[in-house]
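S.K.: Chains A and B, in that order, give the protein sequences.
Heads up: the first sequence begins at 1 in the working numbering, then just goes up one per residue.
Heads up: the second sequence begins at 1 in the working numbering, then just goes up one per residue.
Careful, some of the hints might be misleading.
[Stated by the list, open to error] BS3-like cross-link-like pairs, simulated, lysine-lysine; straight-line CA separation at most 27 Å: (1) A:Lys108 / B:Lys120; (2) B:Lys119 / B:Lys74; (3) A:Lys105 / B:Lys99; (4) A:Lys104 / B:Lys28; (5) B:Lys119 / A:Lys104; (6) B:Lys110 / A:Lys126; (7) B:Lys99 / A:Lys126; (8) B:Lys120 / A:Lys105.
[Stated by the list, open to error] Cβ-to-Cβ under 8 Å is the rule here; a few derived chain A residues that face chain B: (9) Met1; (10) Thr27; (11) Lys104; (12) Glu186; (13) Glu189; (14) Met190; (15) Ser196; (16) Gly199.
These are computed hints drawn from the structure, not numbers from a lab.
For each residue, glycine too, the CB sits at the ideal point set by N, CA and C.
Each chain is listed here by its residues.
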Amino acid sequence: MRILFAADAHPYSAHALKKVIELARHTWADVTLLSVLPAQPALQGDISLPPQDPQVQALRRYREEFLESLGGPDSPYSLERWDHEWIPLRNGSWEDIKVCRGAKKDVKVRIRTGNADTEILNEAEKDGSGLIVLGCSKGGQCVWNASAATPRKVAGNAACSVLLAKEDKPIRRILACIDQISVSQESLEMINQLVSIHGAQLELVGLTQDGGAKSEAYTRLIQIGDYFSDKGIPVNARLAEQSKFESVISTNTGQDLVAFWMGKKSLLNLLFPRDWVERFVGVCQSSVLVLR
Amino acid sequence: MTSDQKTTILLLDDEPIVCKRLKPSLEKAGYDVEAFTKSRDAMHRLTEKQFDIAITDLKMDGMDGMAFLTEVKKRHPATEVIVITGFATMETARESYQKGVFDFVAKPFKLGEILEVVKKAEAKLGHVATRPN
Numbered sequence: 001m002r003i004l005f006a007a008d009a010h011p012y013s014a015h016a017l018k019k020v021i022e023l024a025r026h027t028w029a030d031v032t033l034l035s036v037l038p039a040q041p042a043l044q045g046d047i048s049l050p051p052q053d054p055q056v057q058a059l060r061r062y063r064e065e066f067l068e069s070l071g072g073p074d075s076p077y078s079l080e081r082w083d084h085e086w087i088p089l090r091n092g093s094w095e096d097i098k099v100c101r102g103a104k105k106d107v108k109v110r111i112r113t114g115n116a117d118t119e120i121l122n123e124a125e126k127d128g129s130g131l132i133v134l135g136c137s138k139g140g141q142c143v144w145n146a147s148a149a150t151p152r153k154v155a156g157n158a159a160c161s162v163l164l165a166k167e168d169k170p171i172r173r174i175l176a177c178i179d180q181i182s183v184s185q186e187s188l189e190m191i192n193q194l195v196s197i198h199g200a201q202l203e204l205v206g207l208t209q210d211g212g213a214k215s216e217a218y219t220r221l222i223q224i225g226d227y228f229s230d231k232g233i234p235v236n237a238r239l240a241e242q243s244k245f246e247s248v249i250s251t252n253t254g255q256d257l258v259a260f261w262m263g264k265k266s267l268l269n270l271l272f273p274r275d276w277v278e279r280f281v282g283v284c285q286s287s288v289l290v291l292r
Numbered sequence: 001m002t003s004d005q006k007t008t009i010l011l012l013d014d015e016p017i018v019c020k021r022l023k024p025s026l027e028k029a030g031y032d033v034e035a036f037t038k039s040r041d042a043m044h045r046l047t048e049k050q051f052d053i054a055i056t057d058l059k060m061d062g063m064d065g066m067a068f069l070t071e072v073k074k075r076h077p078a079t080e081v082i083v084i085t086g087f088a089t090m091e092t093a094r095e096s097y098q099k100g101v102f103d104f105v106a107k108p109f110k111l112g113e114i115l116e117v118v119k120k121a122e123a124k125l126g127h128v129a130t131r132p133n
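Bound conformation, chain B alone (with noise of 0.2 Å):
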């Protein structure tokens, strides 16, 4: 990846409300987002592009966060997974953590916190980029 490449990002939620929120917010920080709110959608996509990061809910209808977890590793080992959930629980989050997932961000959260857990998964996958402030 060259300096002057966006690291992309891949974002799943069924609620459009965090879409719609998260979206702009990470495209103003300078990245390149495309965000779902069906995972059949978001797993069609990801047989067409690997993604730098996805970030996924964990309660959907269809196939759940947990699920897409396991496809994105299995599919793109090199992605970096960024688990978001509202229902969190301790089994939730070990299995996540069992699965290889980069981080585990409980709603509510602020966008500053979802940031920063992008950066260090950007850095993680040697990723130097200039970012807006």
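Same shape as in the complex, but just chain A (with noise of 0.2 Å):
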């Protein structure tokens, strides 16, 4: 698995970071640390960052935080393997410096400068992430690095899938949403890896609009059912009509993570307006996991 840290210096980041550092701790997952610097031209023709900059502190935290938690003997984070290599400078020249890598596993630390959204996706695509994990605030107003835009668009465009962290709170509850023709297995294997990490319970609800689909979402709803209690999983499954699930999310406790689908075939996609999933992400309380 590899993870995509999205960071900024808010408090709601440092939340996030504990969720990817359970999540690695059980996964061994290839981890990339970014945060994106809005563009200044001071940047393009200097290649030192700011040091005081408060996202460019908070990394090199966040970097000390995963160590100093995952960083032990039997790590496979821990610093151990030392060497010299070639990194690449600018204008075509290299320079052979030693470094530390993990035993096994890296934790990279990244910079990116310019839109946010774009650059997250962008990094996401070039390192082949299985995830995005970024912290936000509550409410109405998802927010990220003083944007309400990023969350939204980094859930709603992704290639792959993406976890918005809201709350610095165990996850007891995961409300699986069902609204889909296909399925794809990486995402009911995303869904093994978080039950069985949080000890959580796992509920399928299908959802419908004004009686629509629920043919197609109960069908889905059986399968999906069968593929987990084949695991192992205890699941409970139940139909719901959206808008009624709707307010259930946004009064939850916290500790629900609302997954859903979101992908080609979607039957949301088909029934509802392409903005319900940044809608979604808005209204929901608790955490959420965007799925493909």
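Fit chain to chain and form the complex, with the hints in mind.
M.R.: Structure, rendered in structure tokens:
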């Protein structure tokens, strides 16, 4: 599993980092910590970064916290492989620099400049990420680094799954909303891992609208329920009207992780306006997992 | 091993879809792959042949991946074992590490990710081969 953690300097990013650490502790994921600085003319021709920038400092803190949490003996992240490597510099030159890598897995720390959601999505694509994690504020305004658009755009446009961590609370229940004609194997495996890691209950919710798509949703509900049951995961399943479900998730406790699939064959995409996902992300009071 | 010999891989996962997805990708990348969905069949094959690399799922009926890892390392210490799992836990990750696993890859993973790990295992084994892109 490859995880891209898009971080800013706000407290919710520190909470989201805990989720990343917990995932990495169990999965040995390759992890990239990323911040995006606004495009600045000063940075274009100057190779050095502003060391006092809050995001630059925060990234260093996150790296230290990650390695303090996971860098001990028998850890795949413990820094023990020293070697000289040719590191590319600007203008087509390289420098032979001594670097220290993790025993089996690396934690990369990167900074990009430019538009935040574009750069996060570009990094995820370039790195082959399977999951993007970003913290964001709670409530109707789901904000990342002072931008309400970033979490929604990342969730709506990423090619991989996205976890929006809104709460610093343990995940006790995963509400997986089924609206799909087809569900990827990868997304089922992601649910497996999260149920296993958090010891969470799994509840499948087949979403319908005015009775629409009920048979398709019901069929998928049974099939996916069978998949998890075969894996030994206890699962509850039910159908719910989308409008009622939306009111439930807007008032829930914060210990739920609301997961839903978003792909090319989403019934929601067919039935509901395209911006439903973005509204859903904002409405939901607890953390959200967009599966692909 | 000569440069024209293919690196051999034993693939064990009780989910047929995983073998179906991984085997052709690894073969396309130039590896000689034998895939199994039952650990007893894979174990039996190990009595007949030493593989360069073994890729095994962790949670399976019958002999699980951890026991399989132990058996592979006991029988063929030079074989590099890559564990893949859909139910990762800190304990299984640590136990795999202590038993000499080469790497531990949690599902879901992209094909490029597993290929990268296989290439690293191959490099550790000292196998240098030209692979198709």
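S.K.: Each hint should be assessed against the structure and marked as holding or not.
M.R.: Results for each hint:
1. At most 27 Å may separate the alpha-carbon atoms for a hinted pair to count; A:Lys108 and B:Lys120 meet this at roughly 18 Å.
2. Among the hinted pairs, B:Lys119 with B:Lys74 is consistent with the structure: their alpha-carbon atoms are about 23 Å apart, no more than 27 Å.
3. Note on A:Lys105 and B:Lys99: the hinted pairing holds, with a Cα-Cα distance of about 17 Å set against a maximum of 27 Å.
4. Restraint check: the Cα-Cα separation between A:Lys104 and B:Lys28 comes to about 26 Å, which is no more than 27 Å; the hinted pair holds.
5. Using a Cα cut-off of 27 Å, the hinted pair B:Lys119 and A:Lys104 holds, with the two alpha carbons roughly 14 Å apart.
6. At roughly 13 Å between alpha-carbon atoms, B:Lys110 and A:Lys126 fall within 27 Å of each other, so this suggested pair holds.
7. Proposed proximity of B:Lys99 and A:Lys126 is contradicted: the alpha carbons are some 33 Å apart, above 27 Å.
8. For the hint pairing B:Lys120 with A:Lys105, the CA-to-CA distance comes to about 12 Å; that is within 27 Å, so the pair holds.
9. Taking 8 Å as the C-beta cut-off, the interface hint given for A:Met1 holds, the closest approach to chain B being about 5 Å.
10. A least Cβ separation of about 3 Å between A:Thr27 and chain B falls short of the 8 Å threshold, and the interface hint therefore holds.
11. Among the interface hints, the one on A:Lys104 holds; its C-beta lies about 6 Å from the nearest C-beta in chain B, closer than the 8 Å criterion.
12. Interface restraint check for A:Glu186: the shortest CB-CB distance to chain B comes to about 4 Å, inside 8 Å, so the restraint holds.
13. Hint on A:Glu189 holds. Least Cβ distance to chain B is approximately 4 Å, under the 8 Å limit.
14. For A:Met190, the shortest C-beta to C-beta distance to chain B is roughly 6 Å, which falls under 8 Å, so the interface hint holds.
15. For A:Ser196, the shortest C-beta to C-beta distance to chain B is roughly 4 Å, which falls under 8 Å, so the interface hint holds.
16. Interface hint status for A:Gly199: violated, as the beta-carbon distance to the closest one in chain B is roughly 10 Å, over 8 Å.
Hint compliance for this structure: hints 7, 16 are broken, all remaining hints hold.
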